[in-house]
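These protein sequences, in sequence, are chains R and E. When you line the first sequence up against this note's numbering, it's residues 1 to 212, in that order. When you line the second sequence up against this note's numbering, it's residues 1 to 62, in that order.
Take the hints with a grain of salt, since some may be wrong.
[As the list claims (entries may be wrong)] These stretches of chain R come out as covered by chain E in the derived footprint (C-beta under 8 Å, 3 or more residues):
| # | segment |
| --- | --- |
| 1 | 43-50 |
| 2 | 71-81 |
[Said to hold, decoys possible] Chain E stretches covered by chain R per the calculated footprint, using a threshold of three residues with CB under 8 Å from any CB of chain R:
| # | segment |
| --- | --- |
| 3 | 11-18 |
| 4 | 24-32 |
FYI, nobody ran anything at the bench for these hints, they're computed from the structure. All residues carry an ideal CB built from backbone N, CA and C; glycine is no exception.
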Amino acid sequence: MSTTSPPASPLERVRSGRLVAGLLLVLFGIGWLLEVLDVIDFPWDVLFPIALILVGVAIVVASRSGARPGGLIAVGIVLTGVMVLGSAIDFPLGGGVGERLERPATVSELRDEYVLGIGQLTVDLTDMSVAALGADARTRVRVGVGQLVVIVPEDLPVLVFARATVGNVRVFEDEEGGFGAEREAGPGLDGRGPVLELVLSVGLGEVEVRRG
Amino acid sequence: MAETRPSRGGLVVGAFFIVAGLAFLLERLDVWELEIRTLAPALLIALGFIVLLGGRSGEDRS
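Isolated chain R (complex conformation) (with noise of 0.2 Å):
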């Protein structure tokens, strides 16, 4: 036994693309928009999987009434491979472009997280004293595509661990490259008092960590 629905008119069968094509254009502009004005930081991340999602309702919607998706997969393929490529190589959507310079002297200015999508990104704690430290703290860094530099001042007890999907890890005189690159330092002191942790990624590149 098949299932068989009323015919879509020509209008019907174009309806639902053009909806969601233009919802999708619609969206990614406001995006754009409000981060080139500096509103918000628009969460691309997300925004990417959601779009897709709709992509994949609107081909169901247009499949039960016979119309040929076609614009819609071709989207949808688009979507899927930004996100397998974005997965494999730990790319942050929507992190941006260019080269940064981050210097926070106290833990309150240090931030849980920082992201850059392609470029440099270089974090530089040389101001951070172990008094400015206080207790143990933790970052995180991420790179899709590019280099990552972290320095740390001489007596800064440190626990580092960097990884590069694709590239090059040199984490103080300890280096490795290739696929999966991954490079641990431990504080290198007696292992008592505050520890900064610094969980750093590159998905296609460099990351260094060195003492400055």
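Model the placement of chain E on the given structure of chain R, informed by the hints.
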């Protein structure tokens, strides 16, 4: 007036995009972690299902 059959291939592709979107959304929300060593074969399996069901859909029409 002729009636239109739902396109099974379209339904499968749409369902795939919905599931993939949910999987990526959960990853972005740090609920779980997708790794390329599991992602690549999962995509291959999904592609196989789409080809199989798309083929059956074509046979149904003939």
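Here is how each hint holds up against the structure:
1. Residue count for the segment 43-50 of chain R with a Cβ under 8 Å from a Cβ of chain E: 5. That meets the three needed, and the coverage hint holds.
2. Using a Cβ-Cβ cut-off of 8 Å, 4 residues of the segment 71-81 of chain R lie near chain E, which meets the minimum of three, so the contact claim holds.
3. Counting residues of the segment 11-18 of chain E whose CB lies closer than 8 Å to any CB of chain R gives 7, so the stated coverage by that chain holds, three being the minimum.
4. Chain R is given as covering the segment 24-32 of chain E, and this holds because 5 residues of the stretch bring a CB closer than 8 Å to a CB of that chain, at least three being needed.
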